[in-house]
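Protein chains: 2
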Amino acid sequence: MSTLSPFVAAFRQAAYPIGGHGRRNMQVLKEVLNELDDKLESDNYGTGEGIESFQAEMAAFLGKDKAIFFPSGTMAQQIALRIWCDEKGIRKVAYHPLSHLEIHEEDGLKELHQIESILLGEKDRLIRLDEILEMQADIACLLIELPQREIGGQLPPYEELVAISAHCRAKGIKLHLDGARLYEVLPFYQKTAAELCALFDSVYISFYKGIGGVAGAILAGDEAFIAKSKVWKRRHGGDLISLYPYFLSASYYFKQRAHKMGQYYGEAIELAALFNSCHLVTTLPHVPVTNMFHVHIALPKEKLEPILTALYAETGVGLIHYLRESSEGVCSFEVSIGDAYAKIPKDVLKHAFERLDAVLSEAK
Amino acid sequence: MSTLSPFVAAFRQAAYPIGGHGRRNMQVLKEVLNELDDKLESDNYGTGEGIESFQAEMAAFLGKDKAIFFPSGTMAQQIALRIWCDEKGIRKVAYHPLSHLEIHEEDGLKELHQIESILLGEKDRLIRLDEILEMQADIACLLIELPQREIGGQLPPYEELVAISAHCRAKGIKLHLDGARLYEVLPFYQKTAAELCALFDSVYISFYKGIGGVAGAILAGDEAFIAKSKVWKRRHGGDLISLYPYFLSASYYFKQRAHKMGQYYGEAIELAALFNSCHLVTTLPHVPVTNMFHVHIALPKEKLEPILTALYAETGVGLIHYLRESSEGVCSFEVSIGDAYAKIPKDVLKHAFERLDAVLSEAK
Chain A
1 MSTLSPFVAA
11 FRQAAYPIGG
21 HGRRNMQVLK
31 EVLNELDDKL
41 ESDNYGTGEG
51 IESFQAEMAA
61 FLGKDKAIFF
71 PSGTMAQQIA
81 LRIWCDEKGI
91 RKVAYHPLSH
101 LEIHEEDGLK
111 ELHQIESILL
121 GEKDRLIRLD
131 EILEMQADIA
141 CLLIELPQRE
151 IGGQLPPYEE
161 LVAISAHCRA
171 KGIKLHLDGA
181 RLYEVLPFYQ
191 KTAAELCALF
201 DSVYISFYKG
211 IGGVAGAILA
221 GDEAFIAKSK
231 VWKRRHGGDL
241 ISLYPYFLSA
251 SYYFKQRAHK
261 MGQYYGEAIE
271 LAALFNSCHL
281 VTTLPHVPVT
291 NMFHVHIALP
301 KEKLEPILTA
311 LYAETGVGLI
321 HYLRESSEGV
331 CSFEVSIGDA
341 YAKIPKDVLK
351 HAFERLDAVL
361 SEAK
Chain B
1 MSTLSPFVAA
11 FRQAAYPIGG
21 HGRRNMQVLK
31 EVLNELDDKL
41 ESDNYGTGEG
51 IESFQAEMAA
61 FLGKDKAIFF
71 PSGTMAQQIA
81 LRIWCDEKGI
91 RKVAYHPLSH
101 LEIHEEDGLK
111 ELHQIESILL
121 GEKDRLIRLD
131 EILEMQADIA
141 CLLIELPQRE
151 IGGQLPPYEE
161 LVAISAHCRA
171 KGIKLHLDGA
181 RLYEVLPFYQ
191 KTAAELCALF
201 DSVYISFYKG
211 IGGVAGAILA
221 GDEAFIAKSK
231 VWKRRHGGDL
241 ISLYPYFLSA
251 SYYFKQRAHK
261 MGQYYGEAIE
271 LAALFNSCHL
281 VTTLPHVPVT
291 NMFHVHIALP
301 KEKLEPILTA
311 LYAETGVGLI
321 HYLRESSEGV
331 CSFEVSIGDA
341 YAKIPKDVLK
351 HAFERLDAVL
361 SEAK
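Residue numbers (UniProt numbering), protein chains in the order written: chain A, 1 to 364; chain B, 1 to 364.
Treat the hints as calculated values from the structure; they're not laboratory data.
Be a bit skeptical, because a hint or two may be false.
To be verified - Derived DSS-like pairs (lysine-lysine); straight-line CA-CA distance at most 25 Å:
hint	chain 1	residue 1	chain 2	residue 2
1	A	110	B	110
2	B	255	A	30
3	A	228	A	110
4	B	255	A	110
5	A	255	B	30
6	B	209	A	39
7	B	255	A	39
8	B	255	A	209
9	B	230	A	110
10	A	110	B	228
11	A	209	B	39
12	A	39	B	343
13	A	230	B	209
14	A	209	A	171
15	A	88	B	110
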């Protein structure tokens, strides 16, 4: 712990972090295992009652024929796109310029699968419907990310998704859903996961993001698609002898939290309003559409860090442990509401934001 | 449990399985976590004190600059071969026809990396030195598996490994060690892991095989090689937010068992002699050179299964839970000695083999 910066140390010592479900420590997995009989057998290379019944449950939740558990979404999504490219005989897909595949995967899609990506839309906004309708490139698959994380978790209207889906079906383009945070968009759309997924040919969901599991992902689609996914999972080195630490925690925290996304969404709206009430602070979106949003504070990092460090120590509320300089003299960070938010006493929260406003007013 | 065959059910009910370290159940991971503070933090995408110190410890054990933890050996080895192919500008490697890469990975090496494999030697024996010295193909890398699992865990003499290494260095061919069961060969060679690995440019070891961890692997080599491995690990979808269930169990069981390989080796020799004393039974190798060997029984599966089912119930000793028909009228299976063997009372073991000999004599 001696190597932590004062900023990170102050965040860790704060009694009340505003985001997440609590610390990612051993207790997260111990709590899952403590519920289980010591003699419960491991899965075995993707077989076994535990993994198979969880996959069936997730397939039903997503309204798809079949689902398969993966150690990571990176692996699951590359494989989904590869299968659709092979099926269409076209090595081209389209997605947003800030898609996880484009910015976080070291070009795995190109280097492992020789798949070219067409970037649709702009970095600072959602892909527009007209950009999809007017796209000239011959692609095998369009990937839509709901919510679009890197721009604060924005969402297109449901009617636009319906139009995108109809267009893709008419054109023979496969539609894949990057639903890493799928649960988190359901309260906004007022749809079930299955209703939303019916617009898509394949869907990926994550279990360590909104759900707060240890790691892991589900990929769902029709029977032939999942049969091929299984072969590719082995090729990628993802067909482990034991995946139980991941799928058991996924299952456990899914049951605990999937139904709480409406609450988190409401809390995100409340918290964003508190941020927006402060000098120099804006959120993106201004009114969140999921449990997440981005915060922008118009101060350079070297000025903002000591201010927040002092604020955490004074109020016991921890806002964030890192700052990105998103543009000259502006810092930003992401907030994702989970179980931690409801644990903050209202007066403590109110006081923290009054103090934040006061110190930022002075810093102008 | 109602779907188990009588044979598998009898094996599971037997008090004394001869191989392995005990059942692969929740207790394996619970035992690891129970030793740890609840507040111990997860690793985070390959960073964190726990994973970094374990990697450093394994690099030192293997005598290499650096090591990196992977969720699977399939992923680690494909990546090693890809790096060497890229470095040499040659998309060709050589290995044994029964290498893991050839028979258990759904052609991942070809499908993901477009690497062609040259199969050296024959399926029923080790690669011979002259086959390596006289190889005409221009390859980037030669992979040697120690021990050669699919033929009962056989090993070439150490002097042959030295000659192979010298030849590869002279020819500019990279030499990779598939050391999934590396610990298990050290007693035979009477070498340290570092002494053996010094002959190789890169090495992979597994933690769920001889060591009995939950899953996971280490890849080791020089600094530039490991830096590239890290990028490829992300591309493959192996750079998980949390790998702690795997590397913590790897570390825990490594400490418990790595030093016991000499004992397991001696016990394998003893047990193989017991098998060889029975009618219709031979082991491969006749005298094991590691803690593993294969057993061949000259009876067809439909005759042997009920015989063994009855034997397990009568004696309490479980030999195996599956039978392969390796050739017409001959069954085979693999035995890998771990902690379970020493728990069998000597008279129980002696009685079981006397009964095995008796029932096989009658079955002739």
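Going down the list of hints, with the structure as the test:
1. For the hint linking residue 110 (chain A) to residue 110 (chain B), the alpha-carbon distance of about 15 Å falls within 25 Å, and the restraint holds.
2. Distance hint between residue 255 (chain B) and residue 30 (chain A) is fulfilled; the C-alpha atoms sit about 22 Å from each other, no more than 25 Å.
3. Proximity of residue 228 (chain A) to residue 110 (chain A) is assessed by CA-CA distance (about 20 Å); at most 25 Å being required, the pair is judged to hold.
4. Restraint check: the Cα-Cα separation between residue 255 (chain B) and residue 110 (chain A) comes to about 40 Å, which exceeds 25 Å; the hinted pair is violated.
5. Taken as a hint, the residue 255 (chain A) and residue 30 (chain B) pair is honoured in the structure, with Cα atoms around 22 Å apart against an allowance of 25 Å.
6. Restraint check: the Cα-Cα separation between residue 209 (chain B) and residue 39 (chain A) comes to about 20 Å, which is no more than 25 Å; the hinted pair holds.
7. For a cut-off of 25 Å, the pair hint linking residue 255 (chain B) to residue 39 (chain A) stands: about 23 Å separates their Cα positions.
8. Restraint check: the Cα-Cα separation between residue 255 (chain B) and residue 209 (chain A) comes to about 33 Å, which exceeds 25 Å; the hinted pair is violated.
9. A distance of roughly 17 Å separates the Cα atoms of residue 230 (chain B) and residue 110 (chain A); the hinted pair therefore holds under the 25 Å criterion.
10. Between residue 110 (chain A) and residue 228 (chain B), the direct Cα distance comes to roughly 16 Å. Compliance with the 25 Å bound is thereby established for this hinted pair.
11. Restraint check for residue 209 (chain A) and residue 39 (chain B): satisfied, since their Cα atoms lie roughly 20 Å apart, inside the 25 Å limit.
12. Distance restraint check for residue 39 (chain A) and residue 343 (chain B): the Cα-Cα separation of roughly 19 Å lies within the 25 Å cut-off, and the hinted pair is therefore satisfied.
13. Distance restraint check for residue 230 (chain A) and residue 209 (chain B): the Cα-Cα separation of roughly 23 Å lies within the 25 Å cut-off, and the hinted pair is therefore satisfied.
14. Distance hint between residue 209 (chain A) and residue 171 (chain A) is unfulfilled; the C-alpha atoms sit about 33 Å from each other, more than 25 Å.
15. Between residue 88 (chain A) and residue 110 (chain B) the CA atoms are separated by roughly 21 Å; this keeps the pair inside 25 Å, and the hint holds.
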